[in-house]
Structures are given as structure tokens and as C-alpha cells.
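Engineer: For reference, the chains in residue letters:
2 protein chains.
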Amino acid sequence: MKRKITLKQIAKELDVSVSTVSKSLKDSKEISKDTKEKVKAFAKLYNYKPNNIALSLKNRKTKTIGIIIPEIVHHFFTTVIRGIEKIAGDRGYNVIICLSNNSFDKEVLNLEFLANGSTDGFIMSVAKETQQKEDYHHIQEVISQGMPVVMFDRVIDEVICDKVIISDKHGAFEAVQYLIDHHCKKIAIISTVDYVSVGKLRTSGYKEALIANDFEIDEDLILKIEDVDHSEEKIEEFLKEKKIDGLFAVNEQFAVNAIKALTKLKKRVPEDVSVIGFTDGVVSKSFIPSLSTVNQHGEDMGAKAANLLIDRLENETEEQSFQTTVLDTSLIIRDSVRK
Amino acid sequence: MKRKITLKQIAKELDVSVSTVSKSLKDSKEISKDTKEKVKAFAKLYNYKPNNIALSLKNRKTKTIGIIIPEIVHHFFTTVIRGIEKIAGDRGYNVIICLSNNSFDKEVLNLEFLANGSTDGFIMSVAKETQQKEDYHHIQEVISQGMPVVMFDRVIDEVICDKVIISDKHGAFEAVQYLIDHHCKKIAIISTVDYVSVGKLRTSGYKEALIANDFEIDEDLILKIEDVDHSEEKIEEFLKEKKIDGLFAVNEQFAVNAIKALTKLKKRVPEDVSVIGFTDGVVSKSFIPSLSTVNQHGEDMGAKAANLLIDRLENETEEQSFQTTVLDTSLIIRDSVRK
Numbered sequence: 001m002k003r004k005i006t007l008k009q010i011a012k013e014l015d016v017s018v019s020t021v022s023k024s025l026k027d028s029k030e031i032s033k034d035t036k037e038k039v040k041a042f043a044k045l046y047n048y049k050p051n052n053i054a055l056s057l058k059n060r061k062t063k064t065i066g067i068i069i070p071e072i073v074h075h076f077f078t079t080v081i082r083g084i085e086k087i088a089g090d091r092g093y094n095v096i097i098c099l100s101n102n103s104f105d106k107e108v109l110n111l112e113f114l115a116n117g118s119t120d121g122f123i124m125s126v127a128k129e130t131q132q133k134e135d136y137h138h139i140q141e142v143i144s145q146g147m148p149v150v151m152f153d154r155v156i157d158e159v160i161c162d163k164v165i166i167s168d169k170h171g172a173f174e175a176v177q178y179l180i181d182h183h184c185k186k187i188a189i190i191s192t193v194d195y196v197s198v199g200k201l202r203t204s205g206y207k208e209a210l211i212a213n214d215f216e217i218d219e220d221l222i223l224k225i226e227d228v229d230h231s232e233e234k235i236e237e238f239l240k241e242k243k244i245d246g247l248f249a250v251n252e253q254f255a256v257n258a259i260k261a262l263t264k265l266k267k268r269v270p271e272d273v274s275v276i277g278f279t280d281g282v283v284s285k286s287f288i289p290s291l292s293t294v295n296q297h298g299e300d301m302g303a304k305a306a307n308l309l310i311d312r313l314e315n316e317t318e319e320q321s322f323q324t325t326v327l328d329t330s331l332i333i334r335d336s337v338r339k
Numbered sequence: 001m002k003r004k005i006t007l008k009q010i011a012k013e014l015d016v017s018v019s020t021v022s023k024s025l026k027d028s029k030e031i032s033k034d035t036k037e038k039v040k041a042f043a044k045l046y047n048y049k050p051n052n053i054a055l056s057l058k059n060r061k062t063k064t065i066g067i068i069i070p071e072i073v074h075h076f077f078t079t080v081i082r083g084i085e086k087i088a089g090d091r092g093y094n095v096i097i098c099l100s101n102n103s104f105d106k107e108v109l110n111l112e113f114l115a116n117g118s119t120d121g122f123i124m125s126v127a128k129e130t131q132q133k134e135d136y137h138h139i140q141e142v143i144s145q146g147m148p149v150v151m152f153d154r155v156i157d158e159v160i161c162d163k164v165i166i167s168d169k170h171g172a173f174e175a176v177q178y179l180i181d182h183h184c185k186k187i188a189i190i191s192t193v194d195y196v197s198v199g200k201l202r203t204s205g206y207k208e209a210l211i212a213n214d215f216e217i218d219e220d221l222i223l224k225i226e227d228v229d230h231s232e233e234k235i236e237e238f239l240k241e242k243k244i245d246g247l248f249a250v251n252e253q254f255a256v257n258a259i260k261a262l263t264k265l266k267k268r269v270p271e272d273v274s275v276i277g278f279t280d281g282v283v284s285k286s287f288i289p290s291l292s293t294v295n296q297h298g299e300d301m302g303a304k305a306a307n308l309l310i311d312r313l314e315n316e317t318e319e320q321s322f323q324t325t326v327l328d329t330s331l332i333i334r335d336s337v338r339k
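Respectively, the protein sequence lines represent chains A and B.
If you're matching positions, the first sequence starts at 1 in full-length UniProt numbering and goes up one per residue.
If you're matching positions, the second sequence starts at 1 in full-length UniProt numbering and goes up one per residue.
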């Protein structure tokens with residue numbers, strides 16, 4: 001039997017992106033006529049058949065939920081998975097997980113692969129690169145084929161589906177308000193670049209809290225980091241010349257790195273600088289000083305997403321409007337802040 | 001279209017285990033004639049067809065690797081997945097992950113599900129319950145169908161396939177030898193119950209190191225924990241009346257809980273007690289005192305497992321004997337031990 005050619009191989013052969021191939025085969029207006037013809041001719045030549053299993057199994061229920069997440073070495077995502085697994089198990093569903101590794105192409109391929117008869121629907125948090133490209137055709141495609149999608153954490157406004165988010169902005173607001181209420185006069189933030197939606201929202205919460213308390217927004221006190229893996233040096237450099245007494249970090253890693261940097265710079269936490277992070281990961285509790293943080297309740301988020309998806313799968317006939325569930329965060333106060 | 005009945009539903013209807021149904025349908029000698037007849041009749045009545053997709057797609061390559069692991073909220077497993085993903089990506093394979101949550105039934109269902117046309121082969125670490133039951137028919141079955149399996153970490157001697165392990169015993173030996181070389185006279189171990197193979201091996205390494213140095217083995221200094229989630233109180237109680245100056249823990253969680261308990265008991269680490277853990281997780285480095293530990297090199301393990309599996313998938317015609325690759329551990333010395 002001749003091996004079936006894949007989207008990826010077509011893309012490689014023609015030296016175009018996976019997304020271009022996928023869109024060409026769907027006759028998207030975004031792609032030039034020339035390219036579309038080339039892709040279609042090639043696909044025909046190699047007998048490319050999209051979704052051939054899906055078609056034959058159209059009515060078959062797999063009783064399986066596909067999860068697509070950006071990364072796995074990340075405590076928050078593992079707690080969301082735990083929440084999904086619990087509900088899925090209780091309601092008789094199987095779960096399979098694929099990682100995009102924050103790559104747009106990989107996300108497209110995963111979605112295509114799992115939609116091919118392996119799953120009934122998806123729970124997903126989109127890749128960083130997908131947010132950057134603002135290209136969601138693959139998700140739209142799956143939804144238009146009749147497979148429900150529930151997005152969580154990093155959700156996309158333009159895609160119409162059920163969503164579960166936390167109040168990122170409000171969580172950040174509360175953290176910064178705590179710092180202000182406890183004698184912080186000069187509060188910095190360590191955030192991500194703006195195209196990461198949660199980073200942007202948490203930065204907004206920080207700014208709103210400052211404004212609400214008649215503080216001035218000083219852009220010099222805002223650090224936006226692109227590459228999380230090499231944040232340590234950036235944070236140290238940033239903190240070197242800042243005279244701050246409060247710090248809010250949009251994730252656990254940044255908070256831990258900030259405390260390490262402050263210690264190196266001979267500033268005491270919390271006596272000189274109060275620090276609050278975001279996400280209650282494994283490190284926060286064990287760290288010394290134990291880290292005050294905004295708890296995202298990942299397990300609740302996963303449970304809610306699974307219930308939304310299964311409800312939709314099991315009530316196919318009823319037309320229901322899509323809902324966005326906003327879960328509350330909660331502020332956990334530990335030893336990294338003045339009380 | 002009538003919904004297809006699943007193994008799980010048959011089990012539920014007949015009030016027997018999934019494993020009993022699975023074995024009955026395969027005419028296993030372990031199951032009574034009576035039960036087998038009942039299961040087969042029921043399956044026939046509801047038109048149960050095992051592996052119907054797999055049969056029709058026998059020659060189709062999915063270019064997909066299935067990973068089945070016990071749990072995900074566990075840094076070691078996430079690093080193994082990272083290693084598998086890297087190699088799989090480089091060699092043009094997709095990866096899907098299913099969790100057994102340490103349940104035997106779930107492992108059986110996952111394996112059946114993924115073998116059903118979704119994957120070409122498996123990389124797996126077995127569930128705690130599977131090790132306890134010593135029931136490996138589901139893995140044997142998949143292998144006999146011609147799907148290669150590579151086991152890692154928690155491997156099963158009775159199953160003949162490629163394996164990637166670390167030298168658990170040697171890693172533990174080295175850790176305890178370090179403690180002995182650095183003036184520890186009374187060394188305790190916090191381990192898991194014996195049916196968890198890696199816990200057993202690490203306990204052997206501990207004992208061998210003691211014997212090699214003419215220490216006596218004192219069973220009073222050996223704590224075996226079944227329920228990891230509630231280890232904190234057990235460890236505290238255990239340490240309360242022990243006069244020890246060295247401690248080896250078979251995982252990171254036990255080591256961290258031990259240090260917390262020692263601190264409560266007003267013993268200083270490392271001045272009064274030197275502590276070494278196993279697995280270099282996210283906590284070890286950040287913990288204060290930073291934790292000395294046996295590094296398992298999870299990413300290397302995943303990479304090796306992926307290469308073994310893909311090599312086997314791509315050289316189907318060649319008969320090769322199965323290999324067990326033993327990766328070296330390395331001891332990372334940080335601040336939790338006297339130097």
C-alpha cells in the first residue's frame with residue numbers, strides 16, 4: 001500500500017507553510033489563485049484525501065475528548081488536565097492530549113489529526129505563535145465540521161465557541177490593590193509581551209489598580225519578557241536600577257526569578273520589596289519566602305471546560321448559545337509580602 | 001446509527017472487570033468457561049467488534065506515537081514527554097498522550113483505544129495498580145498484534161520489548177555512599193511500597209551501600225509509604241523519634257516533606273541531618289536549602305525511548321533482539337548535605 005501523503009509533506013514539497021496548504025485546499029480567499037492551483041494539483045497527483053476517516057465514521061461516537069495545549073512542563077496546564085480527566089472519567093469519556101509546543105503548524109496538524117475520527121470534540125488553549133499570527137482558520141474549520149470546541153486560559157475572541165477563563169484582569173487588580181493597601185508606593189510589574197492575551201490582561205489589571213488609587217503609571221516600571229527561558233538575566237538587569245517597594249509578576253517563574261535577583265541585589269523580601277506572583281504552582285508554597293500569589297484554580301477550570309464540552313456533545317439537537325464562563329481567582333497571601 | 005458498545009459498557013452491564021471482558025473475548029484460560037460464555041453472548045448480542053478500525057487500516061501508517069503514563073502532575077513525566085516530543089518532531093512523528101491515573105482498567109482502555117488505528121506504537125510507563133495486579137495481558141496483546149512497545153521507568157520484566165530505564169539501584173547506592181563518605185552514621189530511607197518497582201530498586205541500592213560499608217541494616221530506619229498525597233504526617237511521625245544524621249528519599253516530594261518535618265522538629269538541614277532526594281524536579285533547585293538529588297535525566301530517557309520505537313517502526317523487516325537501555329543517573333550536590 002502506498003503511503004498516504006500528509007498536509008505536512010505537501011507543504012514541505014512545495015516549500016509553503018502548512019497553513020497555506022490547508023487554506024488552499026479549502027479554497028480560502030486569503031491565498032493567491034496561483035498557489036491554490038499548485039497545491040490542489042499536487043494534492044490530486046498524490047491522491048491527498050483530507051479527513052477520510054472522519055467521513056466514514058461521521059456518526060460514530062468515539063466518547064473521546066481531545067486536549068490541545070501549548071506545553072506540558074507547566075504546572076498550571078497539568079492541573080487543568082487533572083480537572084478534565086476527573087469529569088471525563090465520571091461521565092464516561094476518554095481523554096487524549098496533544099501538545100502544540102507553542103507552534104502554530106503543530107497546532108494545525110494536531111487538530112487535523114485528532115478531528116480525523118479520534119475525538120468527538122476539543123478542549124484547547126492556543127499556541128503563543130497562533131496568537132501572534134492571529135490565524136484561527138483551523139479552529140474555525142473544526143467547529144464548522146460540527147465538532148464542539150471549548151477554549152480555556154488563552155482564548156480567542158474571534159472564535160465563537162464555549163470558553164472558560166479566569167478574570168485575569170481582576171486577579172491582577174486585587175494583587176496590586178493588596179500591595180497598595182500594605183504601604184507599597186512604587187510598584188513594578190514583570191509581564192509577557194502583549195500578544196500573549198493573559199499577560200496583556202494582567203498588565204491591564206495592574207494599570208487599572210494604579211489609576212484607581214491615583215498612582216501614576218510609570219512605563220519604566222513595566223518589564224515585558226518574550227523568552228521565558230532566559231528571563232533571569234533580564235529581570236536582574238531590570239531590577240538593578242529600580243527603587244521599588246512592591247512587585248507583581250504575571251507568572252510563578254518570573255516571581256521566583258525576581259526574588260532571586262532582589263536577594264542578589266541585597267534587597268530583602270518582604271522587608272524592602274513585597275512580591276506577588278500569579279499561578280499557584282509547586283514552587284510557590286515551598287519557596288522561601290513562600291510566595292504570595294493569585295490562584296488560578298486550574299483544576300476547576302478543567303472541570304468546567306469538560307462539563308461544557310460534554311453537555312454540548314450530549315445535547316446535539318438543542319441549539320444553545322455559547323457561553324464564556326469566568327472563574328474567580330483568589331489571592332493567597334504568604335510570606336513574600338508585608339502584612 | 002446504533003451506538004457501538006464498548007468493553008467498558010459490557011463490563012458494567014455484566015458487573016465484571018474490564019480485564020475479565022477483555023480476556024474472555026480473547027478466550028483466556030484464566031477466565032472460567034461460564035463467564036466467557038456469558039461475555040461472548042453479550043458481546044454478540046450487542047454486536048461488539050474489537051479493533052474494527054485497526055483491521056481495516058492494517059497497513060496504514062499513522063506516523064503517530066502513543067504515550068501512556070500514570071500521571072501528569074509529575075515533573076519527571078513531563079520532562080520525558082519533552083524528550084519524546086523533540087525526537088518525534090525531528091523524525092516526522094506525531095505524539096498523543098493518554099493518562100492511566102495509575103488505574104489498571106484505564107490503562108487497558110487507553111491501550112485498546114489507541115491501538116485501534118490511531119497509533120503505530122507505544123511508549124509507556126505502567127500504572128501502579130498494574131504492577132500490583134501483575135496483569136500485563138493488555139500489553140502482551142498489543143505486542144502480539146505487531147505494534148512495538150517501548151517501556152520506560154516503571155518497566156515489567158515479564159513483558160518482552162525494548163526498555164529504557166535508569167540505574168535506580170546504582171543511583172541510590174551513590175547517594176547513600178555520598179552520605180557515608182560525608183560523616184553520616186545513621187541513615188534513614190523514605191521509600192514507596194515494594195510493588196512500585198523503582199521504589200524497591202532504590203531501597204535495594206540503599207541497603208547495598210550500607211552493607212558495602214559494613215553498616216547494619218536497621219529496619220526501623222526504613223519507611224515505606226503507600227499514599228504519596230498524605231505522606232507529610234507519616235514522615236513527621238516517622239522522624240519524630242529517630243536519631244539520624246542522614247536521610248535518603250526516593251522522590252522529591254518525600255525529600256521536601258522530610259526537610260519540612262525536620263525543621264519543625266528543630267533539626268537543622270544539613271548541620272544535623274544531610275538529605276538527598278531522587279528526581280531533579282522544579283522544587284529541588286528553588287527549595288531552601290536547595291536539594292541534593294539523583295538526577296534521572298528524564299528528557300534523555302524520553303529521547304532514547306522515541307528513537308528506539310521509531311527505529312523499530314522503520315525497520316520492520318529486520319528481526320532485531322529487544323534491548324534494555326540503562327541510562328546513568330548523576331548525583332547533584334546542593335545545600336541540603338554536609339560537604
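In short, the hints are calculated from the structure, not lab data.
Treat the hints with care, as some may be off.
Pairs involving identical chains hold if they fit within one copy or between any two copies, as the list cannot separate such chains.
Said to hold, decoys possible - Straight-line alpha carbon distances no greater than 35 angstroms define the calculated DSBU-like cross-link-like pairs of lysine-lysine that follow:
no., residue 1, residue 2
1, K61, K33
2, K200, K44
3, K26, K264
4, K26, K133
5, K266, K36
6, K86, K40
7, K243, K186
8, K40, K267
9, K86, K44
10, K26, K243
11, K86, K36
12, K63, K240
13, K242, K26
14, K285, K38
15, K63, K285
16, K242, K285
17, K38, K63
18, K285, K234
19, K33, K63
Engineer: Could you work out which of the previously given hints the structure breaks and list their numbers from low to high?
Structural biologist: When the structure is compared with the hints, numbers 2, 3, 5, 8, 10, 12, 13, 14 and 15 turn out to be violated.
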